[in-house]
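Mapping to full-length UniProt numbering: the sequence shown position 218 is 218, numbers consecutive.
No lab work stands behind these hints, which were simulated from the structure alone.
Hints are supplied without guarantee of correctness; some may be wrong.
To be verified - In silico EDC-like links for lysine to aspartate or glutamate, alpha-carbon gap of 20 Å or less: (1) K146 with D82; (2) K146 with E65; (3) K76 with E65; (4) K83 with E183; (5) K186 with E51; (6) K146 with E77; (7) K78 with E65; (8) K78 with E17.
Quick caveat, the model's predicted, so the values are computed rather than measured.
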Amino acid sequence: MTASPDHLVPFSLTFVEYNPSDPISFMFAFITLSPLALIVSYVSIIFARREIATINMFIGQVICEVVSFGLKRWIKEKRPNDKIGYGMPSSHAQFVSYFSIFAILYLFTRITFRDISLKYLISLILIGFMIIVSYSRIYLNYHTSKQIIVGNIAGILFAIGWFILIENILRPLGVFDLIVNSEIAKYFYLRDSSNNENIIRIEYTNWVELNKKKNSERKKK
Numbered sequence: 001m002t003a004s005p006d007h008l009v010p011f012s013l014t015f016v017e018y019n020p021s022d023p024i025s026f027m028f029a030f031i032t033l034s035p036l037a038l039i040v041s042y043v044s045i046i047f048a049r050r051e052i053a054t055i056n057m058f059i060g061q062v063i064c065e066v067v068s069f070g071l072k073r074w075i076k077e078k079r080p081n082d083k084i085g086y087g088m089p090s091s092h093a094q095f096v097s098y099f100s101i102f103a104i105l106y107l108f109t110r111i112t113f114r115d116i117s118l119k120y121l122i123s124l125i126l127i128g129f130m131i132i133v134s135y136s137r138i139y140l141n142y143h144t145s146k147q148i149i150v151g152n153i154a155g156i157l158f159a160i161g162w163f164i165l166i167e168n169i170l171r172p173l174g175v176f177d178l179i180v181n182s183e184i185a186k187y188f189y190l191r192d193s194s195n196n197e198n199i200i201r202i203e204y205t206n207w208v209e210l211n212k213k214k215n216s217e218r219k220k221k
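Given only the sequences and the hints, what does the whole structure look like? Please build it.
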């Protein structure tokens with residue numbers, strides 16, 4: 001049984017209208033679809049890396065989106081110009097705010113770079129990304145400034161809360177050690193590299209040693 005046309009609504013993360021005669025509107029139409037690209041990236045990285053940290057971040061992202069969905073149906077504030085669906089808070093603003101702030105928190109607490117200025121550069125890029133995606137929703141007339149700001153605040157607060165829960169409560173309790181040492185985690189090759197001081201250096205060193213071994217075996221042949 002299919003839904004009647006009166007009950008069909010667009011999926012907010014993929015549906016976008018823009019002015020084809022306005023190049024900026026066209027550009028923002030692509031930018032506003034970035035949450036979809038992030039979801040694909042999440043899934044790809046999880047399958048490629050099998051890292052608990054990425055899985056934790058993705059779970060938080062999904063819950064954040066569910067919270068946004070619930071808030072919209074609780075507040076029931078319309079979008080500008082009577083567009084379809086509720087607009088308070090902006091799910092796009094909440095989505096990218098959570099992503100950017102959680103990533104920045106993790107960057108400064110769990111990742112080591114030789115040059116710390118790279119962390120500030122990446123953080124500026126993430127904040128810029130958050131701002132431009134949020135503004136795209138105003139420019140395309142999908143949200144008011146108030147709806148965007150509330151979405152940003154909700155995403156930021158959720159990111160901070162989820163990070164504290166994951167890194168300051170569950171990790172010290174040894175929850176993730178139990179997970180990665182379980183049989184199902186071993187079956188799927190799940191790992192937790194968050195406690196390694198410089199995982200990039202460790203992985204590079206392992207690659208160098210493996211490459212040396214391969215070259216040595218090749219010469220013997």
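Each hint tested on the structure:
1. Our distance criterion of 20 Å between C-alpha atoms is met by K146 and D82, whose separation comes to about 16 Å.
2. Distance check on the hinted pair: K146 and E65 sit about 18 Å apart at the alpha-carbon level, within 20 Å; holds.
3. For the proposed pair K76 and E65, the alpha carbon gap of about 16 Å is at most 20 Å, so the pair holds.
4. With a C-alpha separation of about 50 Å, the suggested pairing of K83 with E183 is violated against the 20 Å cut-off.
5. The suggested pairing of K186 with E51 holds, with an alpha-carbon distance near 12 Å, which does not exceed 20 Å.
6. Note on K146 and E77: the hinted pairing holds, with a Cα-Cα distance of about 11 Å set against a maximum of 20 Å.
7. Restraint check for K78 and E65: the C-alpha separation of about 18 Å stays at or below 20 Å, so the hint holds.
8. The straight-line distance between the Cα atoms of K78 and E17 is roughly 17 Å, inside the 20 Å bound, and the hint therefore holds.
Violated hint for the displayed structure: number 4, the only one.
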